[in-house]
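Listed in order, the protein sequences are those of chains A and B. The first sequence lines up with residues 1 to 160 when you count with the working numbering. The second sequence lines up with residues 1001 to 1723 when you count with the working numbering.
Please keep in mind that the hints were generated in silico from the structure rather than gathered at the bench. Source: prediction; values computed, not measured. The C-beta atom is built at its ideal place from N, Cα and C for all residues, glycine as well. Be aware that one or more of the hints could be misleading.
[Stated by the list, open to error] Covered stretches of chain A (in silico footprint by chain B; criterion: 3 or more residues with CB under 8 Å from a CB of chain B, positions within the stretch not fixed):
id: 1; region: 32–46
id: 2; region: 63–70
id: 3; region: 117–124
id: 4; region: 131–138
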Amino acid sequence: MNGSSACFPPPRDAPGDRELLRRLLESERFAVLATGREGQPYANLVAFAPGESLATLLFLTPRATRKYENLRRDPRVALLVADSRNRAADLAAAAAATGIGEARELSGTAREEALTRFLARHPELEEFARAPTCAAFAVGIRRYILVRRFQEVMEIALEP
Amino acid sequence: MNRPLLAPQAIGPGDRPRVGGKALRLAELLRAGFRVPDFLCLPAEAYRRFCAFRGLAERIRLELARKDFSEMRWEELWDCATRIRSLFLRHPFPPELAAGLREGLARRFGEGPVAVRSSALEEDAAEASFAGLHASFVQVSGVEEMLARIRLVWASLWSDAALLYRRELGLDPERSAMAVVVQEMAVGEVSGICFSRNPAAPSQAVVEAAWGLNEAVVDGTVAPDRWIVDRGARRILEHQPPPERRRRLVADPGGTRFEELPEALSHTPPLSAAEVLVVVELARRAEEHFGAPQDLEWTRRGGEWLLLQSRPTTARRGDVGQDGRSWYLGLRRSFANLQELRAKIEGQRIPEAERTAAELAAVDLARLSDAELASEIARRRTIHRRWQEIYRAEFIPFAHGMRLFGEVYNERLKPTDPYEFTTLLRRGGLLSLERNRALERLAAILRERPELAARLDAGDGAAEDFRRELEAFLLRFGDFTCELGGRALCAGALQPLVRLLREMARRPEAPRREAAADASGLEEAFFASFPEERRGEAAALLDLARASWRLRDDDNLHVGRIEARLREAEAEGRRRLAAGGGDPAALQGVLAAAVEPKAGDGSDEEGPELFLHPRQLRGQPAGPGFARGPARVIRSPGELERFAAGEVLVCDAVDPRMTHVVPLAAAIVERRGGMLIHGAIIAREYGIPCVTGVPEAVRRIRTGDPLAVDGYLGIVTVGEGDL
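Based on the sequences and whatever the hints tell you, model everything.
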């Protein structure tokens, strides 16, 4: 979702929270992944795709990376997905969702299924995805924190 | 839109940006009443649809972003083009486009045969030069085959030479697109070209003609008859027959082939005087129509004169600019050409190189006077220079043998890995592998009897057999160890070799390396992809490629042996100068011109920039695999002495003096780029992860840095990744 032009507030019939979340996750291609090591936070960009449901987000990483090492030690992560486009109007018009959960590396058929889903969204990453050195992760999201209209914040829990 | 193909009637003067110059002019010629083989045009939007489908455009962009274009060597350009071509070969047509194409092509052409030609969107001047760079196929039969050729024509937008040329003209490759002309095949008995005005003498026209199909005249594989005609008087001024009329290009179910000309035709010019004037008249009419001098391609079928192409006369076939890389790319060789080159290299050059190296080795330098030594150094330098020239002019171009094979292999089998074909080329017959096996054997002796090393040093007679083995090794493979411990140890000293063997003996004996490529399945698949009657050709191509692969490695050693003899003489000269006395003037003079090999102490002379550390460096995935190990940055062969098993070899380029440490290495990282360069070939032979073309490798990586080398993705990760 690209928001509306700078002079206008979001349309009145803006989508509901769950719908907005769904749109964000299905239209954005990149997310900020937050991991940590011994109390030191670390953030980086990843290409992501929603899994079977919105409760799962998929991303890939080569194994010789900081994020992989962090995940190996501590699977707890946050993923930030936002539709801001670096304009002042983003404050009012953009939305962002932070998903909180745990990442686990996939193997076997689970990996294959995840790659199929991931590559449908990012076909240009096929060579990268198929490399034996590339790890596929599924993040099981416990809840999303959805921000819009500057400071309107909603929590969407995916487990009771 | 599901009528992707445009009929000539649907093409108007404003359509150039989508149909390209060729289609536009063919449509105009038809409208003007010229006889032109009927055609359909697949405009540029079809190309764009293909690229937009499932991320092909982004994949091309990723491929181009791999490295700054200006930093790419010609071999990397070829690699880049190969990977993009492979993407095109494997990329599916959007289903609707495919359906529209199948329907339209079948309706108009049935099973064919047709010609599938590029129609570049560039302006005239550039277009003429691109003519030779973009692909064109004749005698294509069957709708699926037509679709396959369309992909290849599109892919040729990204050929190495086309990439280079676009950049030179300042055209953005990412914005380029291409139209395709699918044309009824015009199989004429006589064909040729015609300049309506001779660029060198505007009052004249020039006609060239040969028996058979036009393509052979255009690409110069058949020498044509040539006529110079006075335009005003419509009179032939001169007829220049070719040295001989030997063969003609004819249509064949699978494409085209050459056949010997029947005796009678070989004595007959392909055109009569009257017919020459018919061609000139065609050209004059085309010139009148387009309002500019024209460069025509034509053919005569029965009594019918067909115009195949008419474009403004400009530089006809482009010289691909001034960039030094184009020199290499220009060395595209035909199969026949490569076979001749092979015969020359194997029959003359290699034996000659071996004789020369042996002859030089037989000279006892110690017995020469200083003046004689000085002239011997000068002589060796001349010989070495000559071999460098041969290397450049013959050995390097022969590497196109494996490239040609790779292109054919990828076209037939469309593998996921565009370098799968190298598996078929590996045969373990490389000289450097043979040398490494001999080293392994010697190391095994030391492993069993470690005391031999010390006994050798002590001059113990018990080590005599071992000493003889070492000497035999040096005789067979040359004293590449000469530089291992610095020049002081040159002249037959065994210590550097022994040190290397000890290092090798430290690790357990393992049959671990020399990736035994089981290529039999691939080989079968390759042959099976050809119809029975073309398998002989396929086998000859594979054989040529194997020779090319072997030479790509061995040539370094052949020339290296000659270089070693030059360095040996220079070292002797330096030794005498250092010792003083004699006739220093003569030696000083000749040695001043020598390049002093770097002493190399393993430390970083330049030192990396203080606060900028590399974390991930990108290069080409030249040898699949993944490995970790500490870096050993090698700036000169002298530093190899320090190389320890399990280290990652980081260097400018693996040269023949370095290959012996390759089996010890966990992985290889090279500044020099290319998937088929020496280091990459050796790495593949040993199954060692290898990344080439990392511009910053030697400058930014320090000896001892922990490295992770990802030979699948072409990524080198430096350091522990602390936070």
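Each hint, compared with the structure:
1. 32–46: holds (count 4)
2. 63–70: With 6 residues close enough to chain B, the hint holds.
3. 117–124: holds (count 3)
4. 131–138: With 4 residues in contact (Cβ-Cβ under 8 Å with chain B), the coverage given for the region 131–138 of chain A holds.
When the structure is compared with the earlier hints, no violation turns up for any of them.
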